[in-house]
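**Q** Let the hints inform the model, and build the full structure from the sequences given.
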Amino acid sequence: MSAADPKRFDLDDATAERLLREAQEHKGISLWQDAGRRLRRNRPSWYAMVFLIGFGLLSFLAPLLPLRSPVRSNLDITLHAPTLDGGDGNYLAALDPEADSALVARQIEKDYWELSSLDHGLISLRRMIFGSWQTGHWLGTDHLGRDLLSRIVWGSRTSILVSLAAALCSLVIGVFYGAFSGLVGGRIDNLMMRTVDILYSIPFIFVVIFLITLIGDYRQVLEEEWGLDREKVFYLVIGAVFWLTMARVVRGQVLSLKHAEFVQAARVMGASTFHILCKHIVPNVLSIVIVYLTLTIPAVMLFEAFLSFLGLGVEPPRVSWGLIAVDGTSAINPLRIHWWVVIFPALAMGCTLLALNVLGDGLRDALDPKMRGKD
Amino acid sequence: MPLLSVKNLAVRFETHHGTVRAVDGISFDMEEGETLGLVGESGSGKSVTNLALLGLIPSPPGVMSGQVHFDGQEISALSEPELRTVRGNRIAMIFQDPMTSLNPLLTVGRQMTEVLELHKGKSHSEAMRLAAVGLGEVGLSEPESRLAQYPHELSGGMRQRVMIAMGLLCEPRLLLADEPTTALDVTIQAQILELMAEVQRRHGTAIILVTHDLGVVAGTADRVAVMYAGRIVEEGPTHQLFKNPHHPYTQGLLSSVPRLDSDTSQKMSSIPGTPPDLAEMPPGCAFAPRCPNVQVECKSERPELLPSGVPGRSNACPLFASAGSAEADSAEAHP
Amino acid sequence: MIRFLFRRLMWFVVTMTVVMSVSFFLMKNVKGGPFDTERALEPAIEANIQARYHLDWPLWKQFLHYTGPFNLDERGLAGTQEKVLGGVLSGDFGPSFRYRDFTVNDIIGQALPISALLGVVSMMWALALGVSTGIASALRRGSGVDLALRLAATGGIALPNFVIAGFLIIIFVFMIPLLPVAGWGSIKEMLLPGFCLGLVYAAYLARLTRTGMLEALSQDHIRTAQAKGLSPRTVVLRHALKGGLLPVVSYLGPATAGILTGSLVIERIFFIPGLGSHFVNSASNRDYTLAMGVTILYTVLVYSMNTVVDLAYTLLDPRIDLAEEA
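Protein sequence lines, in the order shown, are assigned to chains A, B and C. Going by the working numbering, the first residue of the first sequence is number 1, and it counts up by one from there. Going by the working numbering, the first residue of the second sequence is number 376, and it counts up by one from there. Going by the working numbering, the first residue of the third sequence is number 711, and it counts up by one from there.
The hints are simulated quantities; they were obtained by calculation from the structure and are not laboratory data. Treat the hints with caution; some may be incorrect.
[As the list claims (entries may be wrong)] Below, simulated BS3-like cross-link-like pairs (lysine-lysine); rule was C-alpha separation at most 27 Å, straight line: (1) B:LYS674 with B:LYS382; (2) A:LYS258 with A:LYS110; (3) B:LYS497 with C:LYS952; (4) A:LYS232 with A:LYS258; (5) B:LYS642 with B:LYS618; (6) C:LYS771 with B:LYS495.
Predicted model, so just to flag it, every value in this text is computed and none were measured.
**A** Structural data, given as structure tokens:
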């Protein structure tokens, strides 16, 4: 009895057709769809995501908002409590409207720092919309009479930018290192992971502090020869600290995927290595990378605050949340409690980091394949 | 007085998708020292029945109703602390996968002695001695050294023997066995089943053996209850039930078991369709959608489990109860 | 077990070699370092440096002298008796470059006990607070208590520790004058700094414990334990706890490293004369021997802690075989 004998399987065209139709009616759920659905159901994480997107937008559009200068200090009004009275029309009052655009740009930058052309564009837009109106000191002023509201909003830009850049830096290094190590396996994998272990035991923070201090000495050389200003070095150094965990995690995931039965099944079915890589390995690694990215960003922000505390963070006139938090904490004294200098920065930073952590947790729960289909 | 009397036991789970009726009103009795095989496919509610008898249904999603009488006491009405004196003591339970059902971080000895210390007030040394004796009884060599070992150091068959020994330490009147051989190799299966039979002979323990494997039941159970979609559809002495099944589901089950002597040119028979979604049970007989003898009444009225005229047997198919009894009588008379 | 320790020791040697080579290299080549010949120094100081650091020796000899374990001096400094042992490996971190009259050992010797005590207090806070709230959270899963505790834990990792310290100082020192603001010595003075430093790790531990316990409680053998009639208390304490706390044990390694790092900030805020403050100052003072000395010390501490944690792990989980390292 040959296996191809149709009678043996009793399957005519009509039946086959019907079976196919039935099968197609059952819509399967892909990992991403399932994850998206579970994320949406997870209320706190959803709100966190909405909050972060909104806040990110606000931060990006900071030059567009009618805020005061975050840099201009006024020693007559140091440590003034928040007031809700409306603003005044003194924005960029000292600006000479007749001067040419390059001069205008430089004058504007006196109230800020070096800005990109996009930011200049947004500022021009703002002046068109709001004229010279600027908000009042709605969140109070700091110890140098600088407007706190504006500092917090502009500070968010730096903090978010630094965190994203450094996190991405660590991601790139970590993913490549880990994926390569996991895929290659064997002795090389062993060696690479041992290196990671060694680097792990060295308290990197010390090395970082050391490096940043050092870099201060070599600043000129770095800028001239390599084009690296302090900012960029900052990103690189921080990224270099955080890639270790990402590498470990990615390597672990790649290893378990390599030997996963579905990968072997795909191979047996004749899929090429490239196909397996794209369709099976990358999506599964991607999910864990996303989760860790969301959890690395808060760690980097806290680290930046830590460095600011030690005086190694961003330099004035630039603002970052870390710097504002440090200013706030140093203004604490037993005689008069200037609560706004501590509370508002803490609120801003706390909410953002909380949202990031909640989102990261939600993503991890949503993407955990063990939870697929269950609730 | 039967040892165990279950009346209208039901377990439902409240979930997002609706109310899942895992056990939908079952009743049965058990005598001392007998083995009842509870048979059914996955999702038929047999394991949940076992858990319900001991009150181990997790309470927020699960709700239990009905009555369970054991040894003259209504244990379904007991409070939780009172139930704890029954568990492991007068009714014991052994589970399917001994690797995950035994605590990997505690020694075998520790896991065994704790029941004796708790229920029988034995001292640690006395409990260890009894545990060693128990291990010897189930056929483990060097029982004393086993006590100091961890579960992962033993083979699958050995672990299941430990489970059985552990269950019997307090000399329970009833042993609930939830698929005790499913996770084991076939040869070990046979050994374990024989061990359980011997244990029963020696201690007079009644056993409820839950399984989806008809072969297991055929060899060891005195009586069989067949479950489908949370209900018992047929019940009776093993030999008679296997030889002459009354309910269409039982008939379908038995005929779908492949036999060595069957004609290989014929297609294997199977019951068409799939079991119902327990959250959306059809009104009437649960098996109606798949039954070859289905009638109009079957779809609207839920049939009861009634004695079928043959002593000791009952089934839930109204068609058979009337039409088949005569044939059954003659069949029983000439086996 | 012996093989495991031996392997750990070997890797430790490798790590230390790397760390010490890097430190030495940095010290020699970096601007403003003790060996920077571009700096103009008083002749007396320069001669002193030459003598102390043996700058006329070949490079490899200088390195070996720094690392030790043998003192390669033919004669002691300033006519003192010659010591057989020297260098980092025998515990001598060399002279401080900034504090000319002190050796790094002197400075570390003074500051280490203080930092160690702070570290221990912080760890105790972290464990006590974190593990207990984690277990409470797991046992009352989904309840209001659980939600509140989880929120608190997530909040604890959302603020820099100096901000939290700031808040707590406002509350407990200024508003309710319960604790002193600075200084170190009495128990009262240890409470707040220890708490601030340990808080972040308490938050992490709370989360880890909660997840670990939930996972442990969902295992099949818990059902078996319940079927044996054990009380809920026994089930949790005897059957679930060990498995549930395993992730906590693994975390103790990174937690130690974290507490060491965090101490830099906390010591500054509370004016505690510990090792952390010395390190930060040494970086800006370019006191490289001190900086490297502290770094090496911390590396040793973290490495040892990680090894101890791995050992503890195997004691807790009999399934783990030390011979196979992941």
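**Q** Indicate, hint by hint, whether the structure satisfies it.
**A** Here is how each hint holds up against the structure:
no.	hint	in the structure
1	B:LYS674 with B:LYS382	holds, 24 Å
2	A:LYS258 with A:LYS110	violated, 56 Å
3	B:LYS497 with C:LYS952	holds, 25 Å
4	A:LYS232 with A:LYS258	violated, 36 Å
5	B:LYS642 with B:LYS618	holds, 22 Å
6	C:LYS771 with B:LYS495	violated, 75 Å
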